[in-house]
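Protein chains in written order, with this note's numbering: chain E, 1 to 365; chain B, 1001 to 1419; chain G, 2001 to 2515.
Treat the hints as calculated values from the structure; they're not laboratory data.
The C-beta atom is built at its ideal place from N, Cα and C for all residues, glycine as well.
One thing to keep in mind: the hints can contain errors.
Ranges between beta-carbon positions, derived for each pair [said to hold, decoys possible]:
no., chain 1, residue 1, chain 2, residue 2, range
1, E, G204, G, D2282, 25 to 35 Å
2, G, P2274, B, R1414, 48 to 58 Å
3, E, R237, B, A1407, 23 to 33 Å
With a Cα cut of at most 25 Å, we get these calculated DMTMM-like pairs of lysine to aspartate or glutamate [said to hold, decoys possible]:
no., chain 1, residue 1, chain 2, residue 2
4, G, K2194, G, D2215
5, E, K158, B, D1209
6, E, K236, G, D2327
7, G, K2194, G, E2255
8, G, K2206, G, E2182
9, E, K236, G, E2152
10, E, K158, B, D1187
11, E, K236, G, D2273
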Amino acid sequence: MTLPRRILLAVSAPLLAFVAAALVTSVVLLGSGDSPAEFWQVVLTVPDGRQLVDIVNYGAILYLSGLAAAIGFRMNLFNIGVEGQYRVATFAGALFAGQSLLPGYLNTAASVVVAMAAGAAWAGIAAVLRATRGVSEVISTIMLNAIALSVVAYLLRKVGSREGQVIVTDEIQRSSWVPSIRLVPGESTELYGLALLAVVAGVGFAVLLNRTRFGFELRATGQSETAAVASGVDVKRMVVVSMLLSGAVAGLIGMPELFGASHSYGSTIQTGIGFTGIAVALLGRNHPVGIAVGALIFAYLAQQAIPLGILADISPEVIAVTQGVVVLSVVIAYEVVRRYRLRLEQAQVAQELRRQGREGQEVPA
Amino acid sequence: MSAVLTEPPGAPPAEHRRLSRGARLWAYALAVLLALSAARVFAGADDLTSPGTLRAAITAAIPIALAGLGGLWSERAGIVNIGLEGMMILGTLGAGYYAYYQGVWVGLAGAMLFGAIGGVLHALATVVFAVDHIVSGVAVNIIAAGVAAFLAEVFFADLDGGGPTQSPSLERPPSITVPGISDAAADVADRGWFLVSDLAAVVNALTEDLSVFTVLAVAVIVGTGWLLWHTAFGLRLRSCGESPSSAETLGVNVYRYKFLAVTMSGVLAGFAGCYLALVASSGYQNGQTGGRGYIGLAAMIFGNWRPGGLLTGSLLFGFTEGARLRSGGESVHALLLLVALGLLVLAVWQVCRGRRAAALASAVISAAAMWWYVSTEEIPGDFTVMTPYVTTLLVLALASQRLRMPAADGQRYRRGEAG
Amino acid sequence: MISTTTAPAGEEPAVRLQGIAKRFPGVVANHDVAVEIRPGTVHALVGENGAGKSTLMKILYGVQRPDEGSIAVDGERVSFSSPTDAIGRGIGMVFQHFQLADNLTVLENVVLGAERRHGIGDRARREIVRICAAYGFDLDPGRLVETLGVGERQRVEILKVLYRGARIIILDEPTAVLVPQEVDALFGNLRELKREGHTLLFISHKLDEVLAIADEITVLRRGTTVATVRPADVTAHDLAELMVGAELPSPSRGESTVTDETVLALRDLRVDDPTGRALLSDVTLSIRAGEVLGIAGVEGNGQTELVEVVVGMRRVAAGTVELGGRDVTSWSTRRRRAAGVGYIPEDRQRHGLLLDAPLWENRVLGHQTRPPSARGVWIDRAGARRDTGRIVEDYDVRTPGIDTFARGLSGGNQQKFIIGREMSGDPVLLVASHPTRGVDVGAQTAIWDDIREARLRGLAVLLVSADLDELIGLSDTVRVVLRGRVGAGLDPRTVTPQELGSAMTGAVERTDDPA
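Pulled out of the complex, with its shape left as it was, chain E reads as follows:
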């Protein structure tokens, strides 16, 4: 199939999805007495410098979240526990960093490793349950999300100190703070230094997926578990390794914000990133580039929705509706496009064979 045609097919599904989401959002707004026109006006304004940086920052975080989910999704392993893993990891990382056991950037690096390990360990619980007892990782990771909330809250109470209304871990020493990058000259808001982790992780994911044996086996298991087993893949081992990787990447989610802005873990940590990451992964079809695009779009929507309450008297929650409908429509659209593409391919194969002078009169297998 020609390249332009392939690209067209690849983007047609997300495009269809966004159109559908736009329609549904408008209908919902109309139904609740709000004005869709005002909604679109606010949402579609061009972001200024500060907003742009915020979008990229949030986008990088969403990208990491989506990546974490996508690693599992690629082999039909549904790690819905990114939220819990991210909390546990960020807490562990902040706790370690706050102890100042190491100087400067060494501390930072070590804390990132601690965070990744903690995230992996938390995901590992679900992995072990799945590999040894066949417990669905969907349910176990969701349960672990809730358990993470309780566990972290309890530990925070034990080791943290009160700061007004909030409990926080010890603040990280200045020398470990990661400087931010001035993306837009003249703006005070800057890009978190560790947001670049998103790029590193993305490249790593792409390489892993397409160039390594592990990536091949991951994709094979996702496409046909039976064929993968016959080819020598140890599915249980794959489950565990994938989940650990997924949890480790989830551990990175909180790092940019931790070392770039808050410098401690508090009970006001942002929630919901784990779930938005899942949506982003689905939107981007678990593809390193697709997830990036999806992350930026969701970040854009989230950012533009903030002033909705003030400017148009619409609850910003409506964006959640848009995001949700996008996800459902995109998965449906992908199915439709896939079937269409399959039929196209079959017709092409037949055409090719006939042209090569050998008739395929056999019934396809």
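Chain E is already provided as a structure; the job is to place chains B and G on it using the hints.
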């Protein structure tokens, strides 16, 4: 791989086991009551089996049971429904809105309607477009959460007693009390006698202040059992989950039954949400479902995809929740003892079966639970909150053998693949 | 010589198909099909794999709709939009792949879709018992289908059809999973049905059986009807010629290439199912380099488990597996394949291919630990692509290119590709499970050539097959597997299909060489 339980079941249940299923359930119930009674007496946790706790247990169990029933309908037709949580959320919203303006019965209808909408979305994606079941379920959950948060603000923010995230206080559905029996039972329950008082407490919980919705829910559960196993409709529906191609060759419209089943699961999840909002709480609140949709699925698995077992599992979860709500740390503390002893028994049984590794794991957890019990007086608040979630994990981890999910559960089905 | 017959004037045919055509994307399954079936007869439809028999029957049963042509039942024009319509017209189909729900009982399976006839309770049960008694079936309505054997399942399928009052019964390759003795039992049932006035349409590619049971035979070739004949007028040879247009190929062994070096040795192997029941017990056999060991047996006697044990997909309860003298019993599948075990799976779509991946990625499948597909932990895309081109060339795999998805290839070409892949990388042992199942004649010949080539190169080949001609034609030794036990070796040069069939059902114990 998108089925909820992935490991294939062990031995198929032999004929004789199917016949004595009812008798077995009664035996288990008695054994559980015995164990609880013993734990109560030994640990001195008097509230563990009090009528109040049992009432709370029932109230906590019903939403889980209804959600699980929704899951049962869907999975018996071959569609995994992870979106129950979202459909339940829609149910709470519907109940909140309609009950406020039109009373509890319209509230129930509204909740079921809203839940059905979620069900139809999932059905559309999985049956018509053959999307992966889990992915669709997750998407439905995301949509439902967003819609609920948004509409809650639209509906309730300006109402008296309400706010952007909750509805005003709503009226409760009527409840039933059987005068003579309930008083007598309460009396006996107070005496603290081993087993007898606990039995009396059960009687009291069922005869005093029993919500009409509870009775309705149980009727629906029993009705499902009859419908799915004793009618032609039920046979056809189940065949879609066991072997859709066979059903197709016999002229069954597989698509239609699947669609119906998933929609029905949305209706039941909506009912669950309504119960949660009107009976278990006093109105709608953001996030009030708290994962019960998933716990319902766990109860369904525990119940081996049958209504009787599902109800049993739900009562189990409901009890841990009820105990926690009523006397928090103390009751959950006593439950620890129960878990420790239970796991010990399990470890012994596993050793007899020759499963050393599993026995070791059970023994270790048992020892840990026992140590925790002995070394503390009660459980801190943060931990009691997660009792239902830990229970779910334990249940799922232990209950994987001898289970038999519908053979074609989780498979994407397309017409014309027969022969 | 060969004459084409039609129904005697004045008698309406039970079924008349005229001008039927059906096309799928890329393939014409049927065109210009004309068949007349007289009532109260057994009419056979023969043709090789891929001739269009199954599609035609699906059209008659309402599972597919024809693109052109007409169907007439008892003289009336009909149009079926679903099996329900066909059932309503008195047509019933017994599928080759049984359409039964394992977790439901016999009664539930039979009653499904026809609940209105006799309900789903006692009345239905009584009706089933009545039919079973009338036709000599021995079935308990309350048993779970999962517990039934192959022959019994087939009887349930026939029961389903009779329960719905079918007068015209289509049987699609009913003897595919039966041994000669069970075939006789089935034919007995069929003759009983004929006596009761039913019309039977019997689809098969087994010519000797067809000649034994049919009253009339229609031959399909390349999707169209070629001739309709009476068994009395033709021989199997004539039919074969009609089916293929040329002589039917049969494998020939040629010179013996067996050496002294033992490649695979199984000793006292035992494999259990999760409840502890033995699926394989006391299995001891060995295969030498250059030898083809054929395993014959009825489906479900342990062949699948045997293959899985050798490839490493199943654990043993006792015994050892040795490869080239080394004990590999505890080795994973990956290690065994890296050590030179090639695997041609029974179900290529589930175990041998990634259907939605390009052909070159399928080259990597199963060989992702070694060159040319891999270098250490890295996948060598260029190497894999190059080698895929080579395989396509050497094994005559018909595909537009190496980027085509595997799904786009026909069954025969998929299988040829798999064999090409498995023969690469210097295997020492080739495990071939039903290698020509669902494959057209041309590809079948090529695959037999490939296996003979493997023998010549000094490979040891474990061949599991249900095609007795294939087994006898290719193997140096044949062993029968029955109820989890492997019998002594038989010499394919002297054993007949009948004797082999007897051994497969355990009717006769026969040993030849002390191998």
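Results for each hint:
1. E:G204 to G:D2282: 25 to 35 Å: violated, 52 Å
2. G:P2274 to B:R1414: 48 to 58 Å: This hint is violated: roughly 31 Å between Cβ atoms.
3. E:R237 to B:A1407: 23 to 33 Å: holds, 27 Å
4. G:K2194 to G:D2215: holds, 11 Å
5. E:K158 to B:D1209: violated, 41 Å
6. E:K236 to G:D2327: holds, 24 Å
7. G:K2194 to G:E2255: With Cα atoms ~48 Å apart, K2194 of chain G and E2255 of chain G exceed 25 Å; violated.
8. G:K2206 to G:E2182: holds, 15 Å
9. E:K236 to G:E2152: With Cα atoms ~37 Å apart, K236 of chain E and E2152 of chain G exceed 25 Å; violated.
10. E:K158 to B:D1187: violated, 44 Å
11. E:K236 to G:D2273: Status holds; Cα separation ~20 Å.
Going down the numbered hints, you'll see the structure goes against 1, 2, 5, 7, 9, 10, while the others check out.
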